[in-house]
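Student: The primary structure of each chain is shown beneath.
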Amino acid sequence: MKFPLPLVSHVLFLVTADGIQRTRERKLEQKKEIGKANLELKATQKQLIQAEKMASPSELTAHEIQNLLNFVNNFSEVDAGMISEMTEETARENITELTTVAAAIAENGEKVPDHCKRANVVVKGMLHHSRNSDGQKEPTAINALAVVYPQLACEGILNTIFQPFFTTKPTGGGTGLGLSPSNDIITKVHGGKIKVDTVEGQETTFTIVLPV
Amino acid sequence: MKILVVDDERDIQTLFEQRFRREIKGGEMNFVFAFSGEEALQYMQANEHEAVLILSDINMPGMNGLELLRRIKSKYATPPPIVMMITANGDDDNYQAAMKLGADDFLTKPVDFSYLKEKLKNLEV
Chain A
2 MKFPLPLVSH VLFLVTADGI QRTRERKLEQ KKEIGKANLE LKATQKQLIQ
52 AEKMASPSEL TAHEIQNLLN FVNNFSEVDA GMISEMTEET ARENITELTT
102 VAAAIAENGE KVPDHCKRAN VVVKGMLHHS RNSDGQKEPT AINALAVVYP
152 QLACEGILNT IFQPFFTTKP TGGGTGLGLS PSNDIITKVH GGKIKVDTVE
202 GQETTFTIVL PV
Chain B
4 MKILVVDDER DIQTLFEQRF RREIKGGEMN FVFAFSGEEA LQYMQANEHE
54 AVLILSDINM PGMNGLELLR RIKSKYATPP PIVMMITANG DDDNYQAAMK
104 LGADDFLTKP VDFSYLKEKL KNLEV
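Chains as they are written, first to last, in this note's numbering: chain A, 2 to 213; chain B, 4 to 128.
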């Protein structure tokens, strides 16, 4: 599977105690800065974080599929309503209104397959990720993966790139199911860490720390 | 009645415009759309007091709907616009947070449009 983010110049894999220590130190520094900047917002933020707590990937996948199906349902229902409207307008010989409604139906004709296509991509992604679901850990060519996988981020979206379904690709282009499972696999399955540093428009470094 | 709809899903605009075709045509309702929390705040700054009702999604990249709600309720105090949250994540945490931040209503997706239409029409009175 391919992911959308451009501009990765290098990817570092630090599988050392030194790396873990450095990551920890940097994290600590970041935490201090964030704490300073948001002091007055703390209470509310806590509330928001609580509410925002991520549901499981499968739950979110289900939500996403449901969301897409809702669109399909909605547009089909609206189409039915507009077709009966056309019948009324035909009786009234109101050509202007007929044309408007017909154009809206035509537009929906493109939206329905578009949402179906997106649902299809999500399902495919889900099947792809569940391929080896027996929890067995296998050796893999990590350098080859590093070339294909992680891709960019600019400041504003750094916090969101690990969220499921976040993508910078246009509709139907990406699933947003790349970095989020990567994050889960690295942190939850392997007990490691993934960190991203970026200089907007220039370079992005993903640091992946895995316990040996 | 001016209604600001906030959702990162752009097709929401087409959907609302079609679902409320008659109301829009009849001039009863006037919809404007923002595709992020940030965009919604920009709109509100530029058109203060214009939107009387805000329908916002919660799960959006960048500023989420709860943060938007908090900012609207703390910034636009007189009179505070009515804010209804619409979310696919209708869990209790989200609900409690929305209520604490002053949400006027909490609807879950899929949106029941005839129910929403009734609600909006009753608000007008």
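Careful, some of the hints might be misleading.
What the hints assert, rightly or not - With beta-carbon atoms standing in for the labels, derived distance ranges:
#: 1; chain 1: A; residue 1: 27; chain 2: B; residue 2: 93; range: 16 to 26 Å
#: 2; chain 1: A; residue 1: 35; chain 2: B; residue 2: 118; range: 15 to 25 Å
#: 3; chain 1: B; residue 1: 78; chain 2: A; residue 2: 98; range: 24 to 34 Å
#: 4; chain 1: B; residue 1: 16; chain 2: A; residue 2: 96; range: 40 to 50 Å
#: 5; chain 1: A; residue 1: 96; chain 2: B; residue 2: 82; range: 35 to 45 Å
#: 6; chain 1: B; residue 1: 99; chain 2: A; residue 2: 85; range: 21 to 31 Å
#: 7; chain 1: A; residue 1: 33; chain 2: B; residue 2: 118; range: 41 to 51 Å
Claimed, not checked - Mimicking BS3-like on lysine-lysine, the simulated pairs with C-alpha atoms at most 30 Å apart in a straight line are:
#: 8; chain 1: A; residue 1: 112; chain 2: B; residue 2: 76
#: 9; chain 1: B; residue 1: 5; chain 2: A; residue 2: 33
#: 10; chain 1: A; residue 1: 125; chain 2: B; residue 2: 112
#: 11; chain 1: B; residue 1: 28; chain 2: A; residue 2: 32
#: 12; chain 1: A; residue 1: 189; chain 2: A; residue 2: 33
#: 13; chain 1: B; residue 1: 28; chain 2: A; residue 2: 112
#: 14; chain 1: B; residue 1: 103; chain 2: A; residue 2: 118
#: 15; chain 1: A; residue 1: 33; chain 2: B; residue 2: 76
The hints are simulated quantities; they were obtained by calculation from the structure and are not laboratory data. As the structure is a prediction and not an experimental result, all values here were calculated from the model. Every residue gets a Cβ at the ideal spot worked out from N, C-alpha and C, and that includes glycine.
Student: Next step is simple, just say for each hint if it's right about the structure.
Tutor: Results of checking the hints against the structure:
1. 27(A) to 93(B): 16 to 26 Å: Cβ of residue 27(A) to Cβ of residue 93(B): about 38 Å, so the range 16 to 26 Å is violated.
2. 35(A) to 118(B): 15 to 25 Å: 41 Å, violated
3. 78(B) to 98(A): 24 to 34 Å: Since residue 78(B) and residue 98(A) have Cβ atoms about 41 Å apart, the given range 24 to 34 Å is violated.
4. 16(B) to 96(A): 40 to 50 Å: 26 Å, violated
5. 96(A) to 82(B): 35 to 45 Å: For residue 82(B) against residue 96(A), whose Cβ atoms are near 44 Å apart, the range 35 to 45 Å holds.
6. 99(B) to 85(A): 21 to 31 Å: 42 Å, violated
7. 33(A) to 118(B): 41 to 51 Å: Roughly 48 Å apart at Cβ, these two residues keep to the hinted range, so it holds.
8. 112(A) to 76(B): Between residue 112(A) and residue 76(B) the Cα gap is close to 35 Å, so the pair fails against 30 Å, i.e. violated.
9. 5(B) to 33(A): Violated, at about 43 Å.
10. 125(A) to 112(B): Holds, because 24 Å separates the two Cα atoms, which is no more than 30 Å.
11. 28(B) to 32(A): 52 Å, violated
12. 189(A) to 33(A): 25 Å, holds
13. 28(B) to 112(A): Measuring from Cα to Cα gives roughly 23 Å; hence the hint holds.
14. 103(B) to 118(A): Status violated; Cα separation ~38 Å.
15. 33(A) to 76(B): 29 Å, holds
In this structure, the hints that do not hold are numbers 1, 2, 3, 4, 6, 8, 9, 11 and 14, in rising order.
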